[in-house]
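Enquirer: Please build the complete structure, drawing on both the sequences and the hints.
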Amino acid sequence: MSDFQNIVDRFEIEALRGEFTDTVMMRDPDRLASLFTEDGVWRIPQLAEFVGREQIRAGSKRLQSQWDYFVQTTHPGTIQLEGDTAVGRAYISELARLRDGRSGLNYAVYHDRYQRTKNGWKFAERVYEVRYLDSTPLSGSAQIDSHV
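Residue numbers (my numbering): 17 to 164.
Derived from the structure by calculation, the hints contain no laboratory data.
Beta carbons are placed, not taken as given, at the ideal position from N, Cα and C, and that holds for glycine.
Some clues are possibly wrong.
Label pairs and their computed distance ranges (CB to CB) [what the hints assert, rightly or not]:
| no. | residue 1 | residue 2 | range |
| --- | --- | --- | --- |
| 1 | Pro61 | Gly93 | 16 to 22 Å |
| 2 | Trp83 | Phe27 | 15 to 21 Å |
| 3 | Gln21 | Arg129 | 18 to 24 Å |
| 4 | Gly117 | Gln21 | 45 to 51 Å |
| 5 | Pro61 | Phe27 | 25 to 31 Å |
Expert: Here's what the structure looks like:
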């Protein structure tokens, strides 16, 4: 693999991870599902496992319907390229309040497997690992009047 192709692949995988965060923040389950391979897996241990795009789409809708607000940021992690596959980690910070009044702040790691497809890099698997969780009630509120 050329150094240039290595740079392009890393850039595209990082963009994929950023796109994931954007789809979650914008509550776009169709776009979220499109970021996975047809048989891709999204695992959130102790909460859910979604296999395939349809389950990912439906699961995302179900999770998002529970939110009053949700903010996720992704921080760059590792990427190890192996031809048309890669593995990596992305570091996540999340702030959320659910419609039932529960809220929390957490820091987590996504353990990823990526696959190059004819439509670019996709997630073959994302496994979520919480490293820190604070379920103290949040005192802030979501900005309702967004001018997007």
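Enquirer: None of the hints should be skipped; say for each whether it holds.
Expert: Cross-check of the supplied hints:
{"no.": "1", "hint": "Pro61 with Gly93: 16 to 22 Å", "in the structure": "18 Å, holds"}
{"no.": "2", "hint": "Trp83 with Phe27: 15 to 21 Å", "in the structure": "31 Å, violated"}
{"no.": "3", "hint": "Gln21 with Arg129: 18 to 24 Å", "in the structure": "19 Å, holds"}
{"no.": "4", "hint": "Gly117 with Gln21: 45 to 51 Å", "in the structure": "50 Å, holds"}
{"no.": "5", "hint": "Pro61 with Phe27: 25 to 31 Å", "in the structure": "30 Å, holds"}
In summary, the structure is inconsistent with hint 2 from the numbered list given earlier, while agreeing with all the others.
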